[in-house]
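**Student:** As given, the protein sequences belong to chains B and P, one line each in that order.
According to the numbering used here, the first sequence holds residues 1 to 773 in order.
According to the numbering used here, the second sequence holds residues 1 to 158 in order.
Treat the hints as calculated values from the structure; they're not laboratory data.
Since we're looking at a predicted model, the values are computed, not measured.
Check before you lean on any hint, since a few could be wrong.
Footprint (simulated), chain B over chain P, 3 or more residues, beta carbon under 8 Å [stated by the list, open to error]: (1) 32-40; (2) 46-57; (3) 75-83.
Part of the chain P face toward chain B, derived, beta carbon under 8 Å [stated by the list, open to error]: (4) C43; (5) Q91; (6) D96; (7) I100; (8) C102; (9) I110; (10) K114.
For glycine and all other residues, C-beta sits at the position ideal for the given N, C-alpha and C.
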Amino acid sequence: MVDSIQKETLIGKAITKPDAPDKAVGRTRYINDMVLPRMLHAKIKRTDRPHAKILRIDTSKAEALAGVQAIVTADDTPMLGIGVNKDNPPLKKDKVCSIRDEIAAVAAESEEIALKAVALIEVEYEDLPGLFDPVEALKEGALQIHDDKPGNVGLSYETKHGDIVAAEAESDFVLDEHYKVHYVTHVCMGPSCVIADFDTDGKLTMHTQTQYPYNYKMDLAPALEVHPGDVRVMQPPVGGAFGSKLDVYPFEPIAVYLAKKTRRPVKLTFSREEEFIASPTRQPAQFHIRAGVKKDGTLTFRDIDAVLNNGGYTSWGATTPYVMMRTFTGHYRVPNVEFKSVAAYTNNPYAGSFRGYGNVQATYVTATVMDKLAEAVGMDPIAFRLHNAQEAGEVTPQGSKLGECALGECIEVAAEKTNFLARYNENAAEQDTPGRYKNGIGIATSFHNAGGAKIHKSDGCGTVVMLDDYARATVISGASEIGQGIDAVLTQVVAEELGIPVKDVTIVNNDSAIGPWDVGVHASRTTFIAGNSAKRAARKARDRILEVASKQANVEADDLDLRGGHIVQANNGVPVVKLDKMLRGLHFAGEDAELIITTDYYEPPSEHEGDNHVGDMSAAYAHGAYIAEVIVDTYTGNVNLHKLTAVQDVGRVVNKLGIEGQMEGGIAFGIGYGLSEEMIIEEGIVKNPSFRDYKMVTPPEMPEIELHFIENVDAEGPFGAKGISELPTIIPAPAIANAVYNAIGIRFNNPPITPEKVVRALMEKAGTMVAAE
Amino acid sequence: MSQTVDITLNVNGEARQVSVAPTLSALNMVREMLDLTGAKMACGEGECGACTIIVDGQSVNSCLMFAVELDGRNVTTIEGLQSPEGLDPIQQAFVDHGAIQCGYCTPGMIMQTKQLLAEIPNPTDDQIRRGLEGNVCRCTGYTKIFDAIHDVASRTSS
Numbered sequence: 001m002v003d004s005i006q007k008e009t010l011i012g013k014a015i016t017k018p019d020a021p022d023k024a025v026g027r028t029r030y031i032n033d034m035v036l037p038r039m040l041h042a043k044i045k046r047t048d049r050p051h052a053k054i055l056r057i058d059t060s061k062a063e064a065l066a067g068v069q070a071i072v073t074a075d076d077t078p079m080l081g082i083g084v085n086k087d088n089p090p091l092k093k094d095k096v097c098s099i100r101d102e103i104a105a106v107a108a109e110s111e112e113i114a115l116k117a118v119a120l121i122e123v124e125y126e127d128l129p130g131l132f133d134p135v136e137a138l139k140e141g142a143l144q145i146h147d148d149k150p151g152n153v154g155l156s157y158e159t160k161h162g163d164i165v166a167a168e169a170e171s172d173f174v175l176d177e178h179y180k181v182h183y184v185t186h187v188c189m190g191p192s193c194v195i196a197d198f199d200t201d202g203k204l205t206m207h208t209q210t211q212y213p214y215n216y217k218m219d220l221a222p223a224l225e226v227h228p229g230d231v232r233v234m235q236p237p238v239g240g241a242f243g244s245k246l247d248v249y250p251f252e253p254i255a256v257y258l259a260k261k262t263r264r265p266v267k268l269t270f271s272r273e274e275e276f277i278a279s280p281t282r283q284p285a286q287f288h289i290r291a292g293v294k295k296d297g298t299l300t301f302r303d304i305d306a307v308l309n310n311g312g313y314t315s316w317g318a319t320t321p322y323v324m325m326r327t328f329t330g331h332y333r334v335p336n337v338e339f340k341s342v343a344a345y346t347n348n349p350y351a352g353s354f355r356g357y358g359n360v361q362a363t364y365v366t367a368t369v370m371d372k373l374a375e376a377v378g379m380d381p382i383a384f385r386l387h388n389a390q391e392a393g394e395v396t397p398q399g400s401k402l403g404e405c406a407l408g409e410c411i412e413v414a415a416e417k418t419n420f421l422a423r424y425n426e427n428a429a430e431q432d433t434p435g436r437y438k439n440g441i442g443i444a445t446s447f448h449n450a451g452g453a454k455i456h457k458s459d460g461c462g463t464v465v466m467l468d469d470y471a472r473a474t475v476i477s478g479a480s481e482i483g484q485g486i487d488a489v490l491t492q493v494v495a496e497e498l499g500i501p502v503k504d505v506t507i508v509n510n511d512s513a514i515g516p517w518d519v520g521v522h523a524s525r526t527t528f529i530a531g532n533s534a535k536r537a538a539r540k541a542r543d544r545i546l547e548v549a550s551k552q553a554n555v556e557a558d559d560l561d562l563r564g565g566h567i568v569q570a571n572n573g574v575p576v577v578k579l580d581k582m583l584r585g586l587h588f589a590g591e592d593a594e595l596i597i598t599t600d601y602y603e604p605p606s607e608h609e610g611d612n613h614v615g616d617m618s619a620a621y622a623h624g625a626y627i628a629e630v631i632v633d634t635y636t637g638n639v640n641l642h643k644l645t646a647v648q649d650v651g652r653v654v655n656k657l658g659i660e661g662q663m664e665g666g667i668a669f670g671i672g673y674g675l676s677e678e679m680i681i682e683e684g685i686v687k688n689p690s691f692r693d694y695k696m697v698t699p700p701e702m703p704e705i706e707l708h709f710i711e712n713v714d715a716e717g718p719f720g721a722k723g724i725s726e727l728p729t730i731i732p733a734p735a736i737a738n739a740v741y742n743a744i745g746i747r748f749n750n751p752p753i754t755p756e757k758v759v760r761a762l763m764e765k766a767g768t769m770v771a772a773e
Numbered sequence: 001m002s003q004t005v006d007i008t009l010n011v012n013g014e015a016r017q018v019s020v021a022p023t024l025s026a027l028n029m030v031r032e033m034l035d036l037t038g039a040k041m042a043c044g045e046g047e048c049g050a051c052t053i054i055v056d057g058q059s060v061n062s063c064l065m066f067a068v069e070l071d072g073r074n075v076t077t078i079e080g081l082q083s084p085e086g087l088d089p090i091q092q093a094f095v096d097h098g099a100i101q102c103g104y105c106t107p108g109m110i111m112q113t114k115q116l117l118a119e120i121p122n123p124t125d126d127q128i129r130r131g132l133e134g135n136v137c138r139c140t141g142y143t144k145i146f147d148a149i150h151d152v153a154s155r156t157s158s
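The shape of chain B in the complex, shown without the other chains:
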């Protein structure tokens, strides 16, 4: 036996993902790779009309095709709606409201046959006038898209704090601006896919990409008239999610209808084009903001009217104001705020949840408004922000308790690391001098929930920890692995508590029949919530082990510790007994036999929002300050983002590799939002449904990334950690916009800042537009 084992922490170390080796060698079986015995392949017949009455659906030619096993239309279904407003029947009967609408579906012996059959389905329509502009949709006399939705109102939100009229009277300057933010989409590399399979007793197994397996049952079952308890959710590895799999979408119940009809497993996979056309998007929005400031730089009020393009049906996108309003009330100290939003039904595609959830849109506004207000009162961008940054212990008007607020520290570090002010002033002075290339530097900050978000009455997660005879731990967690790396974090947390190597921990979290309940992977909550639950379950196992060992060795439990697979004396690390030997002894102890199996259900100490949307909805909040450095080519309009420095408040780093990966990946989303990504939708039709025409960040465009973590340990987070993986998606775009302003003196209230927009704006500024047109 070893002489002495010193305490070494795993927290903050770079831990490789347990799923990475199989992914590196091509061994991982993603849902898209799965084949079940006798499995059929399904395809959906979608409409190509944004708004039309369905007069006739003729499936007879498709039915006659050899290899077709079943066809379903609305007549075969209960016609119950899914989604947030339950307004979306998986198969449409009387009319279609967007071009993604599902008319019928085919299950066949091969995907090729299913595709041929879908092409043989005939649909006769009577076109209806289309409604595409949400502002038009809200006008009196606008045509009504859904019979039971007068005024085309999908969802509306309102929150009021303080007295904006009085605050406006006290203001020395009031900014009044309009913003319009666009459609982008998740573009998961693994196309949407589901396999539905009934057993002989009529119980349903769903192999899905879902990122919320437990509430998924609740949302899916009513559309099927199946009891949610009779649905088992299996989660094979997925090719990305980013929020897109946080709701039930029509293709999932459709696969079930076909499986029910054929009594065979049915797999339904999207093509890439379908992925672009028929997946959720990020919520597009229009904002009218009025924001006041005093001469000394103190923010006085914000008054925001938001109109959201709901699209034909309602998924989570229409609920993003829930997060937007937290930003408008809490991004910097501003005591008087009114926020109103309406999501208006139109004949466009509809939005779901998407990493950053409303805060990507809202922070584009607040972070660029901060730049404009600083200039209006003649303050530099850093001093102005520091003047309005909250400090530790402050509470926002909506009741977010900011705790150890690191906003000011993030700004100071970001400014110092980049020599911000000197370069900002230098660039501003160069704006109107001759020269093709203009340098710009810009800062943006944001804040976001970092300890879950209590949007449901529970924000909990359960964990089971079991130790076997070899001191290997199995961790059954409610938290889903969607590529983001929660398995590595849970491994690390449990190994830390139990003093065993990370390789001795196995995570099981892909089967709702054994997993304990969890809300889902969203709201940057998983490291915080599932991490805490795993830590607490492991702590219970540790306590029990030390209690037993204390009796056996006749030493106080407090004087013992678990290190390196041993029970050791805490003061000097001298081993008392090997952990595996002790566990075997306990297991085979006759009448006193015991297995170490512990459970935990962690409910964070946050509040479900009350009236007026007030409540401390997250157990922690995090801030970040990011600085973008650009070179604008004034001839081509190209914005070359060559460096992004991100200073991120993280509480404490748990897995260094994981958090860096979340930062860099999130930043790539943010850059795409700011510079290049846009789903171009004209009269309800998606014009660029391909990788070629939808411009994601590719390797040559990724800038140099410099990361700095601010580690002010959070009191509630696991080992002090906060959840931060949405902030890197939120902050880059406004930082880029502010940098572009610093380079060329032009503001863009309508991302993405494409070369075309830049050239047009430069020509307008120079008064050469008429000549060019």
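Please build the complex by placing chain P on the supplied structure of chain B, with the hints as guidance.
**Tutor:** Then chain P, alone, in the frame of chain B:
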């Protein structure tokens, strides 16, 4: 039944004979007939690189190639890089540097890296970025992929 064509090819060092429909893509052939599901279908249009395999020493988008074009050729898929001794150094570097999140693009990224390092054993940062410009990753922001390639190149080219 549509007509099929018999082809013979070498896949990851093994001779294989398959009978394929003339319209079958190389990607679907390796995935469905050889059960080599490492190469991924992500776009089917040659735009994302997730289906990258190496044919006679040249990386290709296998979704754009017909299976019949592989007749008589040497094919390496992601499954062919690993040896009994362990992972290929590129695969190991991707694991060690955190270059894999969801992993759906990973087989294509690694195969394209194999091609890149065969052509340029010690590439500059710019050469890495250009070498991977046909491969899309939505999770990582590429930075850790670049790190992994720099690392493996510095270890294997010196």
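**Student:** Each hint needs a verdict: does it hold in this structure or not?
**Tutor:** Evaluation of the provided hints:
1. 32-40: holds (count 5)
2. 46-57: Since 3 is at least three, the answer is holds.
3. 75-83: holds (count 5)
4. C43: holds, 4 Å
5. Q91: Holds - the Cβ of P:Q91 comes within 8 Å of chain B, reaching about 4 Å at its closest.
6. D96: holds, 6 Å
7. I100: holds, 5 Å
8. C102: Since chain B brings a Cβ to about 3 Å from P:C102, closer than 8 Å, the hint holds.
9. I110: holds, 7 Å
10. K114: violated, 12 Å
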